[in-house]
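Student: Chain residues, written in single-letter form:
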Amino acid sequence: MLKKSYDDTIHFYGRLWMIAALIIMFGVPTIIALYFRTWPDWKSLAIGVGSLSLMNLPGGIIEVITYSPMLGTGGTYLAFVTGNLSNLKIPCAMNANDITGTKFGTKENEVISTLSVGASTIVTTLVIVIGVVCMVPLTPILQAPVLQPAFDNVVPALFGALGAKYFLQSPKLAVAPLAFMILLCFLVPSVSSQISILIFAAAAVSIVVGRILYQKGKV
Amino acid sequence: MDQRRCRTLLPLEKRGIMSDFLAKANSGVLYLVAIGVVVFILAQCLFFMVRAYREGLRIGMEKKTMWTAITSSSIFSVVPSIGILLGVIALSGSLGVPLPWIRLTVVGALHYEVMAADIAVKAAGLPALAAEYMTPQVFVTAAFAMTMGIIWGIVFILLAYKQYQKKLKKSTSKDNRWGNILFLSMFIGMTSAYVGSAFADVRRGDFTSLIVVIVSGISMYLFTVVIKKFEQKWLENFSLAFSMIIGMTAAVLIG
Chain G
660 MLKKSYDDTI HFYGRLWMIA ALIIMFGVPT IIALYFRTWP DWKSLAIGVG
710 SLSLMNLPGG IIEVITYSPM LGTGGTYLAF VTGNLSNLKI PCAMNANDIT
760 GTKFGTKENE VISTLSVGAS TIVTTLVIVI GVVCMVPLTP ILQAPVLQPA
810 FDNVVPALFG ALGAKYFLQS PKLAVAPLAF MILLCFLVPS VSSQISILIF
860 AAAAVSIVVG RILYQKGKV
Chain Z
15 MDQRRCRTLL PLEKRGIMSD FLAKANSGVL YLVAIGVVVF ILAQCLFFMV
65 RAYREGLRIG MEKKTMWTAI TSSSIFSVVP SIGILLGVIA LSGSLGVPLP
115 WIRLTVVGAL HYEVMAADIA VKAAGLPALA AEYMTPQVFV TAAFAMTMGI
165 IWGIVFILLA YKQYQKKLKK STSKDNRWGN ILFLSMFIGM TSAYVGSAFA
215 DVRRGDFTSL IVVIVSGISM YLFTVVIKKF EQKWLENFSL AFSMIIGMTA
265 AVLIG
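Residue numbers (this note's numbering), protein chains in the order written: chain G, 660 to 878; chain Z, 15 to 269.
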């Protein structure tokens, strides 16, 4: 009963913050338009938004379905406003839950996920603030050609490490989606540009295999 | 990949040129807007964190556990955040600093913003995403397009998340063990997708990302062994960040 009330409050405030975020998001280009004293070129805007939405409309829905269970209620409302989900917030929340030893779907998990996503967002926001303030001295260092391969590979580095941890923890669950993804990406390299859809497909395979293994009592 | 593409569009020497357009795109007014957005995001984080923390205390969680989550998440987030900062820097050459800063602070994702800006300016008829071609109208169009193209997740959450969560809870609350396996499967699926996509680069003749995946994977495994065998629990907070840095160093070494 009490849990429900915490969840309900979070849903209520989460929605309020999201509506505020939407207003702010649209306020920004509107202020820019007023400042530059020009409105967008509506035709190119329609083409731009159309082609972006073609990918992001299904992507957005898929992301909510796939990511929200991993983020918890508060974490979902926070993470979907601040972005960088699969490349930062979800691994971060998973890692925090793992270190603190909380179980999925529990109240503790909900608390830890929210704290984790919040802390992660604050760090990202501050790193960008520091970066912007120190842009002149920092840019040549961060853009030194010798460091570029490192920054081009943040995401592979993250998921290589996570893969080692979780694949070894649950090899039976991992074999099928991993083999499927390796084969698919190797045979049709262009699919890798649609990462949200790829994640959805991999998660679907993984869940089906998980369910079969679970029913057979193998996991 | 997108970062790389963006950099080729914006050669270093071009960034030194401060066109009239860039001067306006970097004006104090837009910086103020960006600061406002940053304050909003920080306020939202603190609002939810305080509520979660209080709820944690109420249900009897230890303060230490909650602070472990906060510190480990903060440490882990530094390296990926520098990657995101690079996105701001990469886009600043063509769009000024404030707009990419705002976009990567609210809902933005590194891979999305570069692509969105590129699509938006090309739809407006520019040959490439670069300050020298930019006009105020194209800039305003890009700002609107980058925002409107990415709102779908938020819209869907507002419309359907509560109902979806209720259904999901119903199906997992009956059987908690299956719930655990379900969430773990989702995460393993997600990780598989990213690991698999390294093989797309292999097919294109680029082995770097696969080598990085393997090196950071081996590092993580070794850290896990050290943590377990020698009971170095403190290392848990750093193992992911360290493994990533080792993997990224491998990328530098192989050039």
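Note that these hints are calculated values from the structure, not bench results. Since we're looking at a predicted model, the values are computed, not measured. Check each hint, because a few of them may be wrong.
[As the list claims (entries may be wrong)] Listed below are the simulated PhoX-like cross-link pairs for lysine-lysine, each with C-alpha atoms no more than 25 Å apart in a straight line:
id : chain 1 : residue 1 : chain 2 : residue 2
1  : G       : Lys877    : Z       : Lys188
2  : Z       : Lys242    : G       : Lys831
3  : G       : Lys766    : Z       : Lys243
4  : Z       : Lys188    : Z       : Lys78
5  : G       : Lys702    : Z       : Lys247
6  : Z       : Lys38     : G       : Lys762
7  : G       : Lys766    : Z       : Lys38
8  : Z       : Lys247    : G       : Lys762
9  : Z       : Lys242    : G       : Lys762
10 : Z       : Lys183    : G       : Lys877
11 : G       : Lys766    : Z       : Lys183
12 : G       : Lys702    : Z       : Lys136
13 : G       : Lys762    : Z       : Lys136
14 : Z       : Lys77     : G       : Lys875
15 : G       : Lys766    : Z       : Lys181
16 : Z       : Lys247    : Z       : Lys78
Student: Quick one: which hint numbers does this structure break? Sort them smallest to largest.
Tutor: Violated hints: 3, 4, 5, 6, 7, 13 and 14; rest satisfied.
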